[in-house]
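> Protein chains in written order, with the working numbering: chain A, 67 to 341; chain B, 2 to 92; chain C, 61 to 195.
Just so you know, these hints were derived from the structure itself, not from any lab. Some hints could be false.
Unchecked claim - Distance condition first, Cα-Cα at most 27 Å in a straight line; then the derived DSSO-like pairs of lysine-lysine:
1. C:151 to A:219
2. A:219 to C:172
3. C:172 to C:146
4. A:219 to A:244
5. C:146 to A:244
6. A:244 to C:172
7. C:172 to C:151
To be verified - Short derived list, chain A residues pointing at chain B, Cβ under 10 Å:
8. 284
9. 289
10. 290
11. 299
12. 306
13. 307
14. 310
15. 316
16. 318
17. 320
18. 326
19. 327
20. 329
21. 331
22. 332
23. 337
Stated by the list, open to error - A short, non-exhaustive set of chain A residues, derived as facing chain B with CB atoms under 7 Å:
24. 282
25. 285
26. 311
Beta carbons: idealized from backbone N, C-alpha and C, even for Gly.
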Amino acid sequence: MGFRVGSDWRAPIAELERLYAGYPQPEDGIPDFTVRLFAARPWRRWLRPAVTLGGDFVLPDAAPLPLAQGLLAAEMAMNLQMALGQRRYLLLHASAVERDGCAVLMTGLSGAGKSTLAALLGARGWRLMGDEFALVDPATGLVHAFPRLVSLKNAAIDVVRAALPEARFGPLLAGTPKGDIRHLVPDAEAVARMAEPAQPALILFPRFGFDAAERGLGPSEVFVRLTQASTNYVALGERGFEAMTRLVREVPARAIDYPDADSAIAQVETLWSAL
Amino acid sequence: MAERLYRAVPADALRIVPLDDFTLIFHRPSGLSHLVTAPAPEILELLEQGPLTRAALLARLGERFELADASVEALDARLGELVATGLVEAA
Amino acid sequence: MTDQSSDQPGEERGGTTRRRALMLGAVGASAVVSIRPALAQTQASVINCEIPVPDAGRAGSYIAADGSIVPAGTPGAFPPASLAFKGEDVKTALAGGQLPGTTYEQNQAYVKYIRRLQSGTSGFTCFASLQMPRG
C-alpha cells in the first residue's frame with residue numbers, strides 16, 4: 067500500500083522520510099493514495115501555520131492542525147485515505163500481531179489500548195502487523211499487515227519506551243486534540259515481513275482501566291462490534307458481508323478488561339495458548 | 002376493507018446466515034445487512050411457503066409455536082419492521 | 061397445512077411433540093437491527109470538524125431567521141458567522157445550547173441553517189457525523 071504525500075511545508079515530509087526510511091517503495095512506483103498537506107489560505111503557510119488535510123478522499127470539514135503537529139496531520143490524512151478509499155480489503159479499525167502464521171486482532175474505542183498492546187506484544191516475540199487497520203481479504207479470510215507508525219498516547223509513551231529501549235520513535239507531539247502523542251517506528255522484522263498475511267485466530271476487545279476480567283462473545287455480538295469498527299463494510303456490499311460472516315463464525319472472540327499492560331499481556335498469552 | 006397480503010421477497014434477494022440468537026441477512030437490492038431475532042426468522046420462514054394475511058400469519062404462528070403474547074398489534078410491529086427494511090413485501 | 065412435528069427436531073419429549081415457545085415482542089421493541097455505515101474516524105471528526113455558516117460556496121450571503129440563505133443586506137437577516145463553528149459547539153447547539161459568539165436570534169437562525177444542510181455543501185459531512193449514532 068503506497069502513499070504519495072504532497073505538502074506546502076518541508077518539515078512534515080522530512081519527518082516522514084526519516085521515520086519511514088527502510089520501508090519499501092510502492093509497487094511499480096505507483097502509489098495507491100495521494101495525501102496533501104496544504105495551507106487553506108496563502109498566509110496560513112507562515113502566520114500560525116495550520117495544516118489542512120487533503121487527498122484523494124477528504125472529510126471536507128476537518129479542522130486544520132498546527133504545523134508543529136504536521137507529522138500527526140500526515141498520519142491522520144493517510145488513515146483517512148485508507149478509511150474512506152479502501153475497496154480491495156475489508157478494513158477493521160484494529161491492531162494485529164502475528165505468531166506462527168496466526169494473528170490476534172485487537173479492536174475497541176480510542177483509549178482501549180490496541181496500539182499500546184500491539185507495540186508491547188511486538189517486544190515479546192510477536193510480529194507487529196499494524197496498530198490502526200487490519201486488512202481482511204474477502205477471498206481468503208486472511209488478514210494482511212499494514213504496519214504504519216504506531217501512535218502512542220500520554221502514559222503509554224513511557225511504558226512502551228521502557229519496553230522497547232532499542233526502538234526508534236518520532237518526536238513528542240504535545241497538546242494535540244488527543245493529548246501527548248509519540249509515534250513508534252515498527253521494527254525491521256515487521257517491515258521486512260509486511261507482505262506476509264496471517265490466519266486470524268483470536269479477536270480481542272480490550273478495555274483499559276478495569277480489574278482483570280474476561281468474557282466470551284457470541285458471533286452476533288462480534289458481528290455488530292466489528293461492523294462498527296469497519297469504515298468500509300457497507301461499501302463492500304456482499305463481499306464485505308461474506309468476509310465478516312466468515313470471520314465471526316470461524317474466529318473465537320473475547321472481551322478482556324485489564325488494569326495495566328502486564329495484566330493484559332498475561333491474559334493474551336493465556337488465551338493464545340488455550341486455542 | 003380487504004386485508005393486506007404479506008409475502009416473502011424473491012429468494013435470491015436475501016442471503017441468510019443463522020448465527021446464534023440472531024440471524025444475519027444481507028439484503029441484496031439495498032446492499033444493507035440486518036441482524037434479525039425471534040420472531041422475524043420464523044415469520045420469514047412461514048411466508049416463504051406463500052403469502053398470508055396478517056390474521057392468517059398470526060394463526061399459523063400460533064399453530065407452530067407456543068405464543069405467549071399473541072396480539073395483532075405486536076405482529077403489526079414486527080411486520081412493519083420487516084416491510085420497512087425490505088425483507089418482506091406487502092401487497 | 062404442514063405437520064408441525066416435522067419442523068421441530070429435538071423437541072420430542074416422552075413421545076409427544078411440544079411446540080417451541082415464541083414471543084412476538086412488545087410493540088415498541090425491535091426484532092431487526094440494521095447495520096448502518098459507520099465511519100470509525102467519526103469520534104475524531106466530531107472533535108475536529110467545522111461547519112462554516114453559510115457554506116463557503118455562498119460566502120457573503122446572509123441567513124434569514126428561518127435558516128434559509130438570502131442576499132447580503134436583506135432586512136431581518138443575519139450576516140455570516142465570522143468563524144466556522146467547531147463540531148463540538150454545533151453538537152451542543154443542536155441539543156439546545158448556544159453557538160459561541162451569537163445572540164439568541166442569531167443562534168436560532170444559524171441552527172436552522174445547519175439543520176437544513178444538504179449533501180454536497182461543505183459542512184454537511186461534519187453535520188452528518190454529528191447525527192450518526194456512534195457504536
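> If a hint holds in the structure, say so; if it does not, say that too.
Here is what the structure says about each hint:
{"no.": "1", "hint": "C:151 to A:219", "verdict": "holds, 26 Å"}
{"no.": "2", "hint": "A:219 to C:172", "verdict": "violated, 38 Å"}
{"no.": "3", "hint": "C:172 to C:146", "verdict": "holds, 16 Å"}
{"no.": "4", "hint": "A:219 to A:244", "verdict": "holds, 7 Å"}
{"no.": "5", "hint": "C:146 to A:244", "verdict": "holds, 16 Å"}
{"no.": "6", "hint": "A:244 to C:172", "verdict": "violated, 31 Å"}
{"no.": "7", "hint": "C:172 to C:151", "verdict": "holds, 13 Å"}
{"no.": "8", "hint": "284", "verdict": "holds, 5 Å"}
{"no.": "9", "hint": "289", "verdict": "holds, 7 Å"}
{"no.": "10", "hint": "290", "verdict": "holds, 7 Å"}
{"no.": "11", "hint": "299", "verdict": "holds, 8 Å"}
{"no.": "12", "hint": "306", "verdict": "holds, 8 Å"}
{"no.": "13", "hint": "307", "verdict": "holds, 4 Å"}
{"no.": "14", "hint": "310", "verdict": "holds, 8 Å"}
{"no.": "15", "hint": "316", "verdict": "violated, 12 Å"}
{"no.": "16", "hint": "318", "verdict": "violated, 14 Å"}
{"no.": "17", "hint": "320", "verdict": "violated, 16 Å"}
{"no.": "18", "hint": "326", "verdict": "violated, 33 Å"}
{"no.": "19", "hint": "327", "verdict": "violated, 32 Å"}
{"no.": "20", "hint": "329", "verdict": "violated, 29 Å"}
{"no.": "21", "hint": "331", "verdict": "violated, 30 Å"}
{"no.": "22", "hint": "332", "verdict": "violated, 29 Å"}
{"no.": "23", "hint": "337", "verdict": "violated, 20 Å"}
{"no.": "24", "hint": "282", "verdict": "violated, 11 Å"}
{"no.": "25", "hint": "285", "verdict": "holds, 5 Å"}
{"no.": "26", "hint": "311", "verdict": "holds, 5 Å"}
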